[in-house]
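Count the sequence shown with our numbering and you get residues 443 to 580, in order.
Simulated from the structure, these hints should not be mistaken for lab results. All residues carry an ideal CB built from backbone N, CA and C; glycine is no exception. Treat the hints with care, as some may be off.
What the hints assert, rightly or not - DSSO-like mimics (lysine-lysine), calculated; alpha carbons at most 27 Å apart, straight line:
(1) 490 / 548
(2) 567 / 490
(3) 548 / 498
(4) 484 / 548
To be verified - Label pairs and their calculated CB-CB ranges:
(5) 534 / 490: 16 to 24 Å
(6) 547 / 513: 31 to 39 Å
(7) 564 / 497: 18 to 26 Å
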Amino acid sequence: MNDFVPVGTFAAGGKAMYVVPKDTFVLTVVRVGTGGNTDDGKYFYGFKPDIVMARKASYINFVLSPDTSEGIRIAAVVDSADHGQMDRAEVEPDGLSARMYDNMIKPALINVAVLVSDDHNPEDKYIMCDPQVINVPD
443 MNDFVPVGTF
453 AAGGKAMYVV
463 PKDTFVLTVV
473 RVGTGGNTDD
483 GKYFYGFKPD
493 IVMARKASYI
503 NFVLSPDTSE
513 GIRIAAVVDS
523 ADHGQMDRAE
533 VEPDGLSARM
543 YDNMIKPALI
553 NVAVLVSDDH
563 NPEDKYIMCD
573 PQVINVPD
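Make a model of the complete structure from these sequences and hints.
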C-alpha cells in the first residue's frame, strides 16, 4: 500500500522527504499542549493539500508527514459517504499511512475523519483530523 517512497532528507532537521501520488493528503499532527485546533487545543493538525478533488474512481491516500510528533499514528479513517461511495479504509500496520477507495458514484462533499492516536497521551483514545474531499466526476 505504501505508494510513497522516501527520496532524501530536508537540509534542516534531517527529516525524510516523500514523493506522494496524486490524491494524497499529507497529514502533520503536532503536540502543542494549548492553542491547537483539535482535542481541546492539545494538538495542531494540517493537511497538504487542503482539499482533494477527486475526478475519477481511485484511491485517496493519507500519510503522516515526517514532522508529525513522535508516537502519533493513524488509527482509523471513517467517512459519512452514502453506501457504496467509499470503500472501507485500510490502515498500514505501522500507522504511518492509510488509504480508502473512492468509487465516484456521484458528485458530493464527503466528510472524512482521520483518527490518530498518541502513544504519549493514552487517555485520549482518538484525535480527529478532518480533510476535505470533494467528488466531481468528469
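Cross-check of the supplied hints:
no.	hint	result
1	490 / 548	holds, 24 Å
2	567 / 490	holds, 25 Å
3	548 / 498	holds, 10 Å
4	484 / 548	violated, 37 Å
5	534 / 490: 16 to 24 Å	holds, 19 Å
6	547 / 513: 31 to 39 Å	holds, 37 Å
7	564 / 497: 18 to 26 Å	violated, 40 Å
Hints 4 and 7 from the earlier list are contradicted by this structure; the remaining hints agree with it.
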